[in-house]
Structures are given as structure tokens and as C-alpha cells.
Amino acid sequence: MNHGQQSGEAKHEDDAALTEFLASLMDYTPTIPDDLVEHYLAKSGFQCPDVRLIRLVAVATQKFVADVASDALQHCKARPAPVVKDKKQQKDKRLILTMEDLSKALREYGVNVKHPEYFADSPSTGMDPATRDE
Amino acid sequence: MKRRRKSCVKFKETDQSATTTAEFSFSLTRIAVSQICQSVGYRSTDSSALNTLTLITTKFLQSVACLAASFANTANRTEVNLFDVVNGLQDISLATSDCFPGGSTLHDSESHCLIKSAVLRNLSDFVTCALEIPFAKPLPRPEIDGSSRGDLTRVARSPEMKSIPAWLPPFPDSSLYLEHCTQNRSEQLWENSNSVTIGGETLLKNSKSESSIDRSGGRLPQRRARVRFKVERDWSNGGGSCTSDTRLERLRDDNDGGSGREFDFKNKIIDEFIYSAGIAAGEWPI
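Those protein sequence lines, which keep their order, are chains A and B.
1 is the number of the first residue of the first sequence in UniProt numbering; add one for each residue after it.
1 is the number of the first residue of the second sequence in UniProt numbering; add one for each residue after it.
Worth flagging that the hints you see were computed from the coordinates, not collected in a lab.
Yeah, the Cβ is synthetic: ideal placement off N, Cα and C, and Gly gets one too.
There's no promise every hint is true.
Claimed, not checked - In silico contact screen, one side only, chain B against chain A (beta carbon under 7 Å); selected entries:
#1 L28
#2 I36
#3 L55
#4 I56
#5 A69
#6 A75
#7 T78
#8 D125
#9 F171
#10 P172
As the list claims (entries may be wrong) - Derived PhoX-like pairs: lysine-lysine, alpha-carbon spacing no greater than 20 Å straight-line:
#11 A:K104 with A:K114
#12 A:K77 with A:K104
#13 B:K59 with A:K104
#14 A:K114 with B:K116
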């Protein structure tokens with residue numbers, strides 16, 4: 001009897017916490033807009049008029065991307081920096097999201113990204129810096 | 001550094017040429033993902049890495065949606081509720097265990113309800129701790145008819161299609177079937193069919209104008225071209241096939257012509273009558 005009462009109180013607390021969390025979602029603005037999330041959800045057969053659920057999915061996605069990006073940033077920081085004379089340039093160059101770091105970070109999340117060994121991001125990649133218009 | 005930044009700028013220039021819904025939504029997601037990367041601490045990104053992360057973000061969204069929708073459908077519902085979403089997130093968290101720790105504790109004997117889900121707790125912590133970063137650009141608001149962004153889901157909810165249930169997939173673009181229907185309608189009339197209009201495109205254009213008239217209630221136009229019929233008789237084989245109509249006509253013509261012909265014709269009729277009467281009496285010609 002006593003145990004039942006305790007479990008009932010705990011459940012009530014959990015319920016209150018969940019209600020509070022859902023209410024806080026109404027005030028929270030995720031980075032991914034609601035309309036955009038709604039579009040992708042509707043594309044996959046997700047029908048729900050409740051904005052809170054759409055925001056819940058948006059928050060989960062935002063957390064996923066933020067975790068992947070921060071993991072990639074850790075990989076980026078852990079990599080030994082190349083020797084560059086200008087210290088400011090060296091500091092800036094280290095904080096670039098590259099495919100190498102991203103694929104390492106994504107592998108921990110069960111996503112295997114394969115990219116070609118040589119991949120030119122833009123037509124000007126690999127060209128002589130003197131000929132390139134800056 | 002400059003080179004990489006330049007590549008990003010170049011990519012943004014190509015964003016403006018996004019025309020289809022998929023391209024538009026993808027470019028919007030890319031903006032959001034780049035904002036998140038910036039909030040984590042990145043200064044810039046490779047365009048290929050940003051594209052990959054954006055693609056994975058859309059895949060994540062769609063897989064969560066698919067899982068939640070399948071949970072709802074299993075429970076004989078079309079509308080997704082909180083528990084379906086949490087179940088879907090739990091399933092995702094099993095795959096991406098680093099993102100949502102505690103996903104495997106859902107079906108423990110102690111946690112009877114999804115309220116205790118570790119995923120929800122993590123998300124709640126994230127909402128309270130993480131900084132709120134609103135989307136960088138204002139999104140175009142959909143118009144009343146919902147056709148401003150080309151969003152198919154909004155077209156399905158337009159007031160003309162209220163009779164269609166919301167859980168059905170969105171109606172395809174009208175440009176895909178309208179032309180086909182018009183063509184089918186023109187095929188109902190023989191004069192507009194392909195057997196007639198096979199000659200060329202000009203005939204097809206004419207038939208289109210006629211089919212547009214047919215669509216206006218099936219009434220014939222007041223001014224129409226005259227149609228004349230001319231029937232020619234061929235007397236070379238004795239009046240062609242001797243049906244009753246032609247016989248009567250011949251009789252009438254013979255009355256106008258002369259009595260000699262009338263006599264021969266009457267004799268012929270009498271002979272035929274006697275012949276048929278003989279057959280009826282059992283006298284078969286040998």
C-alpha cells in the first residue's frame with residue numbers, strides 16, 4: 001500500500017515534469033523553423049496538428065546536429081595543427097568543418113560517410129593562388 | 001582560409017536559383033545547420049561537409065517521422081501523438097546511442113511509462129541549457145490558397161478539397177493531370193479522335209477549340225457549317241440490293257415514267273410470289 005502510494009506520487013511528479021517540458025516547448029524557438037520541420041514530417045506521413053510535437057522533433061534534430069558538430073569540432077581540435085607563421089590565421093584555420101572530421105564524428109552515430117579521396121569543393125580548388133581572384 | 005570562404009559564398013549564390021520545393025527546403029535546412037555549426041564554435045565550413053550534414057539532418061527528420069507514423073498506424077491511428085514520437089526517438093536513440101543515452105532503458109520493468117524516457121529527459125535538459133538561436137531569415141508566409149511556396153501538403157488542405165481526408169497523401173500537381181483529362185475528353189468524340197486528327201498538329205489545335213466548346217455544357221454552337229448529303233443510286237446492277245425501300249422508290253419512279261415498265265415490274269412480282277408459294281407447298285426447285 002505504502003509502496004503503491006510512493007509510485008503514484010513519483011508518477012505524478014513525472015507527469016508534471018512532462019507537462020512543464022511540453023509547455024516550455026511553446027516558448028522555445030528551435031533553429032529549424034516549424035514550417036520546414038512540418039514539411040519534412042508531412043512528406044514522411046506524419047500528421048499532427050500539435051505544434052509542441054513538431055517542436056519536439058525539431059529540438060531532437062537540433063540536438064543531433066549540435067552533437068555531431070561538437071564531436072567533429074573535438075576531432076578538429078585534436079588534430080595536430082600544421083605549422084603556419086601567422087598565429088591568427090592558424091587559429092582561424094583550425095575551426096573549419098571538413099569532411100574528414102565530419103565523417104569521423106558521424107561514424108560514432110552509425111552513419112558511414114564515404115567521400116572520394118580527392119574532392120574539389122569549387123572549380124578554383126587546386127589552382128595557382130596567384131591566378132585566383134580573391 | 002580565403003579559398004574556403006569563397007567556396008561558401010559561391011554556394012550561397014547558387015542557392016538563389018533554387019526552384020523546386022525540395023531544393024528550397026534543402027537550402028533552408030542548410031541555413032539552419034550552418035547556424036547550429038556556428039553556435040557550436042565553427043568559423044566556417046566546407047560546402048561539401050555542410051551539404052552532407054544537411055542531408056543527414058533531413059534523413060534524421062524523415063526517419064523520426066516515419067517511425068512515429070508507423071507506431072501510430074500500428075495502433076490504428078492516423079494522427080501521431082506524443083507517445084509515438086517518443087517511441088520513434090527511442091528507436092533512433094538506439095542507433096545513435098551517443099546522442100541520446102539511455103534509449104535502451106525504455107522497456108525496463110521499472111519504467112512503465114514513456115514519461116520516464118531518458119530521451120525526453122535529455123531533450124528537456126537541452127531546452128533549458130542550450131541557447132535559443134532563431135532562424136536567420138524570415139520564411140515567406142503561405143497565402144490563403146497555400147500555393148505561395150509550392151508546398152503540396154498545404155494544397156491538400158485548401159478549402160476546395162475539404163472532402164478529402166487529411167491522412168491521404170497530398171494531391172498531385174494539377175499540371176500533371178489537367179492536360180491528360182482534356183485529351184481524354186476530346187477522344188470521346190469521333191471527330192476529335194486521333195483517327196481524324198492524325199494528320200498534323202494544326203488539326204489537333206482545331207480539335208482543342210472544339211473540345212473547349214464541348215466542355216461548356218455540351219451545347220452545339222449557334223453558327224455551324226452546313227452539311228450536305230448527296231445520295232447516288234447505282235442502276236448498273238439492277239438497282240443494287242433489292243431492299244423494300246428501293247423497290248418502293250422504283251415503283252414510284254416507274255409510275256412517273258411509263259406503264260410498260262409498270263407491267264413488267266408487276267409480272268416480276270407475281271413470278272416471285274408464285275415461286276415462293278411453290279417452295280412453301282413443298283415443291284423444291286431441282
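Against the structure, the hints come out as follows:
1. L28: holds, 5 Å
2. I36: With a minimum Cβ separation of about 5 Å from chain A (threshold 7 Å), the hint on I36 (chain B) holds.
3. L55: violated, 10 Å
4. I56: I56 (chain B) check passes; min Cβ-Cβ to chain A is 6 Å, inside 7 Å.
5. A69: Holds - the Cβ of A69 (chain B) comes within 7 Å of chain A, reaching about 4 Å at its closest.
6. A75: violated, 14 Å
7. T78: holds, 6 Å
8. D125: Result: violated, 10 Å to nearest chain A Cβ.
9. F171: At 13 Å from the nearest chain A Cβ, F171 (chain B) fails the 7 Å test, so the hint is violated.
10. P172: Since chain A brings no Cβ nearer than about 14 Å to P172 (chain B), farther than 7 Å, the hint is violated.
11. A:K104 with A:K114: Given pair K104 (chain A), K114 (chain A) holds - Cα atoms ~10 Å apart, limit 20 Å.
12. A:K77 with A:K104: holds, 13 Å
13. B:K59 with A:K104: holds, 18 Å
14. A:K114 with B:K116: violated, 37 Å
Hint check: violations occur at hints 3, 6, 8, 9, 10, 14; the rest are consistent with the structure.
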